[in-house]
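Chains as they are written, first to last, in my numbering: chain A, 1 to 295; chain B, 1 to 403; chain C, 1 to 331.
Among the hints, a few may not be true.
[As the list claims (entries may be wrong)] Lysine-lysine pairs mimicking DSS-like chemistry, simulated, CA-CA at most 27 Å apart: (1) Lys225(B) <-> Lys251(B); (2) Lys364(B) <-> Lys345(B); (3) Lys335(B) <-> Lys345(B); (4) Lys115(A) <-> Lys309(B); (5) Lys118(B) <-> Lys76(C); (6) Lys266(B) <-> Lys115(A); (7) Lys193(B) <-> Lys168(B); (8) Lys197(B) <-> Lys144(C); (9) Lys174(B) <-> Lys197(B); (10) Lys313(B) <-> Lys115(A); (11) Lys156(B) <-> Lys364(B); (12) Lys392(B) <-> Lys55(A); (13) Lys115(A) <-> Lys385(B); (14) Lys345(B) <-> Lys144(C); (15) Lys144(C) <-> Lys95(B); (16) Lys305(B) <-> Lys266(B); (17) Lys305(B) <-> Lys55(A); (18) Lys392(B) <-> Lys174(B); (19) Lys115(A) <-> Lys305(B); (20) Lys313(B) <-> Lys55(A).
Read the hints as simulated data drawn from the structure, not as lab findings.
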Amino acid sequence: MELMIQVLVSGLLIGGVYALISVGLNLIFGVVRIINFAHGEVLMLAMYATFWLNKVYGMDPYLSALLVLPALFFFGVLLQRVVVQPIQEASANMQIFATVALSLILQNIALIFWKGDFRTIQTSYAMSTLEVMNIFVSVPRLVAFLVALASILLLYNFLKHTFVGKALRAIVEDNTVARLMGIRVERLYLLAFGLGAAFTALGGILLIPFSAVYPTVGVPFTLIAFIVVVLGGLGSMSGTFLGGLFIGVVETFGGTYVSPALKEAIYFGIFILVLLVRPQGLFGKGKGTEEIGLK
Amino acid sequence: MKRQSWTLWLFLIGLLALTASGPVAAKDLQIGALYPRSGSLALLGEESWRGAEIARLEINKKGGIGGDSVVFVNADGHDVAAAHSEAERLIEQSKLGLILGSYASSRSMAATEVAARKNAVYFELGAIANSVTERGYQTVYRTCATAFNFSKSQSKFIAEWLAPQLKKKPSEVKVSIAHEDSDYGTSVADSFKNAAKEFGIQVVSVEPYAANTSDLSPVIFRLRKTAPDVIIAVSYAQDAILLSRQAAEFKLGIPLFGTGGGHSLKSFQEALGDKVEGVLNVDFTQYEVNSAFTPGLKEFVALYKATFKEDPKSGHSLANYMGTKVLFDILAQTKGSVEPNAFRKAALSMNLPEGTTSTGWGVKFGENGQNLRADPLIMQWRGGKLVTVWPKAAALMDAVLPK
Amino acid sequence: MSAKRLQLLGITLLAAAIVIPAFVDSRFILQMLTLIFFSIAMTSAWNIPVFGGKMSLGHAAFFGIGGYTGAILYVKFGVSPWIGLPAGVAVSLLGGVIMTLPLLRLRGPFFTLATIAFAEVLRMIAIDWRSLTNGSVGLNIPFKPGWANLTFQSGAPFYFISLILAIAVVFIAYRLRHSALGFHLRASASNDEAAQALGVDTRRAHFIGLLWSSGLTGLIGVFYVFFIYVVEPNTMFSTTLFSLQPALNGIIGGIGTIWGPVIGAVIMTPLGEYLRVYLGTIQQGLNFVVYGVVLIVTVNFIPGGIVSLVRLKSSNRSNGSGSPSGATEAH
Chain A
1 MELMIQVLVS GLLIGGVYAL ISVGLNLIFG VVRIINFAHG EVLMLAMYAT
51 FWLNKVYGMD PYLSALLVLP ALFFFGVLLQ RVVVQPIQEA SANMQIFATV
101 ALSLILQNIA LIFWKGDFRT IQTSYAMSTL EVMNIFVSVP RLVAFLVALA
151 SILLLYNFLK HTFVGKALRA IVEDNTVARL MGIRVERLYL LAFGLGAAFT
201 ALGGILLIPF SAVYPTVGVP FTLIAFIVVV LGGLGSMSGT FLGGLFIGVV
251 ETFGGTYVSP ALKEAIYFGI FILVLLVRPQ GLFGKGKGTE EIGLK
Chain B
1 MKRQSWTLWL FLIGLLALTA SGPVAAKDLQ IGALYPRSGS LALLGEESWR
51 GAEIARLEIN KKGGIGGDSV VFVNADGHDV AAAHSEAERL IEQSKLGLIL
101 GSYASSRSMA ATEVAARKNA VYFELGAIAN SVTERGYQTV YRTCATAFNF
151 SKSQSKFIAE WLAPQLKKKP SEVKVSIAHE DSDYGTSVAD SFKNAAKEFG
201 IQVVSVEPYA ANTSDLSPVI FRLRKTAPDV IIAVSYAQDA ILLSRQAAEF
251 KLGIPLFGTG GGHSLKSFQE ALGDKVEGVL NVDFTQYEVN SAFTPGLKEF
301 VALYKATFKE DPKSGHSLAN YMGTKVLFDI LAQTKGSVEP NAFRKAALSM
351 NLPEGTTSTG WGVKFGENGQ NLRADPLIMQ WRGGKLVTVW PKAAALMDAV
401 LPK
Chain C
1 MSAKRLQLLG ITLLAAAIVI PAFVDSRFIL QMLTLIFFSI AMTSAWNIPV
51 FGGKMSLGHA AFFGIGGYTG AILYVKFGVS PWIGLPAGVA VSLLGGVIMT
101 LPLLRLRGPF FTLATIAFAE VLRMIAIDWR SLTNGSVGLN IPFKPGWANL
151 TFQSGAPFYF ISLILAIAVV FIAYRLRHSA LGFHLRASAS NDEAAQALGV
201 DTRRAHFIGL LWSSGLTGLI GVFYVFFIYV VEPNTMFSTT LFSLQPALNG
251 IIGGIGTIWG PVIGAVIMTP LGEYLRVYLG TIQQGLNFVV YGVVLIVTVN
301 FIPGGIVSLV RLKSSNRSNG SGSPSGATEA H
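Hey, can you work out the whole structure from these sequences and the hints?
Printed below as a string of C-alpha cells:
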C-alpha cells in the first residue's frame with residue numbers, strides 16, 4: 001500500500017511536467033493546426049539556455065526563466081513566421097515533413113555547438129526531499145509539478161476571460177468563422193506559437209534541476225506531448241492536464257509493476273487504443289480533433 | 001527530349017564520380033579509423049578516436065613506421081547501417097586492408113563482419129561485447145577487455161573483498177542488476193549473470209530500463225523491494241546520473257557498483273557532488289592509478305592536454321591509445337604489411353606481461369584474436385576522484401564500504 | 001518526353017545497370033548502387049498507400065518484422081532464407097492487417113502518429129522479447145557463402161537481387177496505380193466523401209493498398225538482413241532509417257507518383273552517404289543540418305517534388321490530378 005501511494009505520487013509529479021509541455025503543444029496544434037515535430041527541440045533549446053546561464057553566470061535555473069521564457073517566446077514567433085507560415089496552406093503531410101526537417105536541423109545544430117555531452121547542473125536543492133509518513137517527495141520535482149499546475153491554471157483563465165484568449169479559443173473551435181468574425185488569425189497564430197513555445201520552455205526549465213540536457217533530449221517528449229494531447233482532446237486545457245497526469249501515473253505504475261523497460265511501450269499501447277476507441281480523446285470536446293483529422 | 005536524357009545521364013555519371021572520388025596521396029601507411037562521431041554515441045566515440053589519434057601523431061613525430069607516416073582515413077559509424085557501409089567504403093573504395101575502431105559494440109559487430117568477410121584486418125580497441133571475438137574470424141583482434149572480463153573482475157571483487165566486509169560468505173551476497181537495455185547494458189548484464197555463477201554469488205533481480213528516460217523511480221521502487229546487498233548498474237551517462245540522484249532522493253541506501261560507461265565520467269561526479277563518494281566502478285584503466293603499474297600514462301595525459309586543450313573525459317582515449325600503440329608495434333614487425341597471415345604471425349608473437357603498457361594491461365593474443373591480458377580494474381569515487389582500489393598492484397588506496 | 005522515348009531511356013538504363021558489374025571493379029560503387037536499389041524499392045513500397053493519401057511514418061515496423069522473421073528462422077531454426085522470404089512476407093502481412101484494420105479509422109496526421117507509435121511498440125518488444133530476438137544484442141547471419149544461404153563473398157549477387165527487387169516493386173506500384181484500386185485510392189485522396197458517394201469502398205482500397213505496401217516492405221526487410229548480416233532492434237525498427245528515410249525520398253522526388261520515389265531514392269541515398277562521409281567527419285552533425293535544409297527547401301518551393309520540375313508527361317498521362325496532397329501535380 002505504501003509503495004502504491006509512493007508510485008502514485010511519483011507518477012503525478014512527472015505527469016505534471018508532461019502536462020505542461022503538452023499544453024504548449026496543444027496551443028500550437030489547436031490554434032495553428034500544425035503537427036509540430038520540432039516541439040521537443042524547443043524544450044531542448046530552453047534546457048540548454050538554462051544550463052548555460054547557470055554554467056556561465058551562475059544563475060539559478062528558476063530565476064533564469066525571466067530570460068529564457070521571453071527568448072523562447074520570440075523563437076516560437078520566429079518559427080511560425082519563417083518556417084510554418086509558408087506551408088500553412090500545404091497538406092498536413094507536407095507540414096509534418098517541414099517540422100521533421102526543422103527538428104533534425106535544431107538537434108544537429110545543438111550537436112555542432114554543444115557536442116553530444118550529457119550536461120547537468122548542480123544546485124543545492126537538486127537532491128533534497130520531503131518525507132511525509134514514509135513517502136518521499138523530491139523537492140525539484142514537487143516544484144515542477146506546482147509551477148506546472150499554476151501556469152496551466154493561468155493559461156486556462158487567460159483563454160477563458162480575456163479578449164485575446166477568447167479569440168484564440170474561437171480559432172480552435174472554427175478557424176473560418178473566426179476569420180469571418182474579423183479576428184486577425186495570422187497574428188494570433190504568431191501569439192499561439194510563441195505562447196506554446198514559452199510553456200514548453202518552462203517545462204524545460206523545470207526539468208533541468210533533475211534531468212540532463214543533450215541534443216536529442218526532446219525526442220521522447222515530442223511523442224509524449226502528442227499522446228497527451230490526443231488523450232486530453234484538442235483545445236482542452238483541463239483535458240491536457242489530466243492526460244499528462246494520466247501518462248505519468250501509467251508510466252510509473254507500469255514501470256514498477258510490469259517492467260521498467262516497458263513503460264514507454266505501455267503508454268504507446270494506450271495511445272493506439274485511445275485513438276481507436278475514442279479518437280476525439282478521453283476528455284476532449286471532439287469537434288476540433290475530427291476536423292484536423294479530416295485535412 | 002534528347003537533352004533531357006543527356007542531363008539524366010550526366011547526373012548519374014556525376015553521382016558515380018561523387019561516390020568514387022579518389023583516395024589520399026600514396027606513400028603513407030593508411031589505416032581506417034571507424035568510430036561513431038555523430039548521433040547519440042558521439043561523445044565517447046570522439047573520446048575514443050582521440051586516443052588513437054594521439055598515438056598516430058606520436059609515431060609520426062618519431063618518423064612513422066619504416067619511414068612511412070601513418071594516415072587515418074576517418075569514418076563515422078553513427079549507426080549499425082552506417083558502420084556497415086563505412087567499413088565497405090574503407091576496404092573497397094579506399095583499398096585499406098586494416099581498420100581500427102570502434103567504441104560501440106553493435107557498430108563493431110557490423111564492421112568486423114564486413115572486414116572479416118573481405119579478409120581485411122580489424123583491430124578493435126574499445127567495444128566490449130563478448131561476441132566480437134567469438135565468431136572464429138582470423139582477422140579480428142581486440143586489445144581491450146571483454147564484457148565477461150568486466151563481470152569477472154566485479155564478481156571477484158565482490159567475493160574476495162565485499163563479502164568479508166559484509167561479514168558474509170560470497171554465496172550469501174545478494175546482487176541486483178539495473179541495466180540500460182541497449183546492447184551494451186544487456187550484454188554486460190548477461191555476462192555478469194554467468195560470472196556470478198562461477199563465484200557462487202546470487203543475482204536476485206534484473207531491472208532493464210531505457211537509457212533516455214527522465215524518471216527512474218520505478219527502478220528504485222523495485223530495488224527497494226528486493227533489498228540486495230549491492231546493485232550492479234550498467235548505464236550510459238545521463239541514466240547513471242539519474243539513477244544515483246533518485247537513489248539518493250528515495251534514500252535507497254544500497255551500495256552502487258557501476259560498470260564503466262556513465263559511472264566513469266567526470267560529468268557523473270559533477271552532477272552528483274558529494275553523493276558520488278564511495279560509488280564503486282569497474283572499467284578500463286582510468287587516470288588515478290598507480291603509475292608504476294601503467295608506464296607511459298602520464299606522458300599520454302600530457303599529450304592529450306597539449307593536443308586537445310582539455311583533460312581526457314574518460315579512460316576510453318587511454319585504452320584506444322594503448323591499443324593503437326600495440327597495433328603500431330605489430331606493423332613495425334611486419335614492416336607495414338597488413339597481409340593477414342603476416343599480420344597474424346606478428347600479432348600472435350606479441351608477448352608483454354601485465355604492468356608494462358600505459359593501461360597496465362599486458363599483450364598476448366589468443367587464437368580468437370582476443371587479448372588475454374586486459375583485465376579491467378576496480379575503482380571507487382573518493383574525494384571527487386575515480387581512484388583505483390583493486391587489484392593491489394594497480395591500487396592507489398584501499399576500498400571502503402560505501403555508505 | 002513521349003512514352004516511346006521514355007521506354008527507350010528505361011531500357012538503356014536497365015541495360016547499363018545489368019552490364020555495370022562487368023566493368024566496374026570498385027565494389028564500393030556496386031555497394032552504393034545496391035543501397036540505391038534497396039532505397040528505390042523501400043520508397044516505392046512506402047509510396048503505394050500514399051496514392052490514397054495515407055502517409056505512414058512507421059514502415060520500419062514491416063521492414064523489421066520481415067527482417068526478424070527471416071533472421072530468426074535462419075539463425076535459430078536453421079530454416080533456409082528461401083523459405084524465410086515468403087515467411088517474412090506472410091508475417092509482415094499479418095502485421096499489416098493488425099496495424100491497418102484499426103488504424104484506417106484515423107485520418108491524416110493521426111494516422112501518421114499512430115504508425116509511429118506502432119513501430120515504436122514493435123521496437124520495444126524486439127528489445128524485450130529476448131528468448132526470440134536475442135534482445136538488443138541482436139542476431140548475426142553466419143558467413144556461409146552460397147546461393148542456398150543468400151550469403152555471398154562478392155557484391156554482384158546482391159547488386160542483382162536489389163536491382164530485380166527495385167524493378168519489381170516499381171512495376172507492382174505502376175500496375176496498382178493504373179488499376180481500379182489505384183483509381184479508387186486517388187479518388188479517395190482528392191475527395192474521400194465524393195468517392196464514397198460514387199460507391200467506391202475507399203476503406204477497402206486503403207486496406208489493400210497498405211497490405212501490398214507492408215508485404216513488399218517485409219520482403220525487402222528479409223533481403224536487407226542477409227545483405228547487412230546484423231539484425232538488432234534499433235536498426236531494424238529505426239525510425240530514421242526505415243520510416244523517415246523512404247518518406248523523405250518520396251517527398252523530395254514527388255509523393256504519390258511512380259517516378260518520384262525512384263528519383264528521390266536515386267538522389268538522396270548517395271547524397272546521404274556523401275554528406276556523412278565528407279561532412280560528418282569534419283563536423284559532427286553538419287550532414288544532418290544540410291539534409292534538413294534540403295528538405296525544408298523542397299517542401300517550401302517544390303512541394304510536388306522533383307518530378308514536378310522534370311514534367312514527365314507520360315508518367316501521369318492518364319490522370320489529371322491523382323496526387324494525394326493536392327500539392328504534387330506533375331503535369
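Here is what the structure says about each hint:
no. : hint                    : result
1   : Lys225(B) <-> Lys251(B) : holds, 13 Å
2   : Lys364(B) <-> Lys345(B) : holds, 12 Å
3   : Lys335(B) <-> Lys345(B) : holds, 13 Å
4   : Lys115(A) <-> Lys309(B) : holds, 16 Å
5   : Lys118(B) <-> Lys76(C)  : holds, 25 Å
6   : Lys266(B) <-> Lys115(A) : holds, 15 Å
7   : Lys193(B) <-> Lys168(B) : holds, 20 Å
8   : Lys197(B) <-> Lys144(C) : violated, 34 Å
9   : Lys174(B) <-> Lys197(B) : holds, 12 Å
10  : Lys313(B) <-> Lys115(A) : holds, 13 Å
11  : Lys156(B) <-> Lys364(B) : holds, 22 Å
12  : Lys392(B) <-> Lys55(A)  : violated, 39 Å
13  : Lys115(A) <-> Lys385(B) : holds, 24 Å
14  : Lys345(B) <-> Lys144(C) : holds, 25 Å
15  : Lys144(C) <-> Lys95(B)  : holds, 24 Å
16  : Lys305(B) <-> Lys266(B) : holds, 16 Å
17  : Lys305(B) <-> Lys55(A)  : holds, 22 Å
18  : Lys392(B) <-> Lys174(B) : holds, 25 Å
19  : Lys115(A) <-> Lys305(B) : holds, 18 Å
20  : Lys313(B) <-> Lys55(A)  : holds, 18 Å
Hint check: violations occur at hints 8 and 12; the rest are consistent with the structure.
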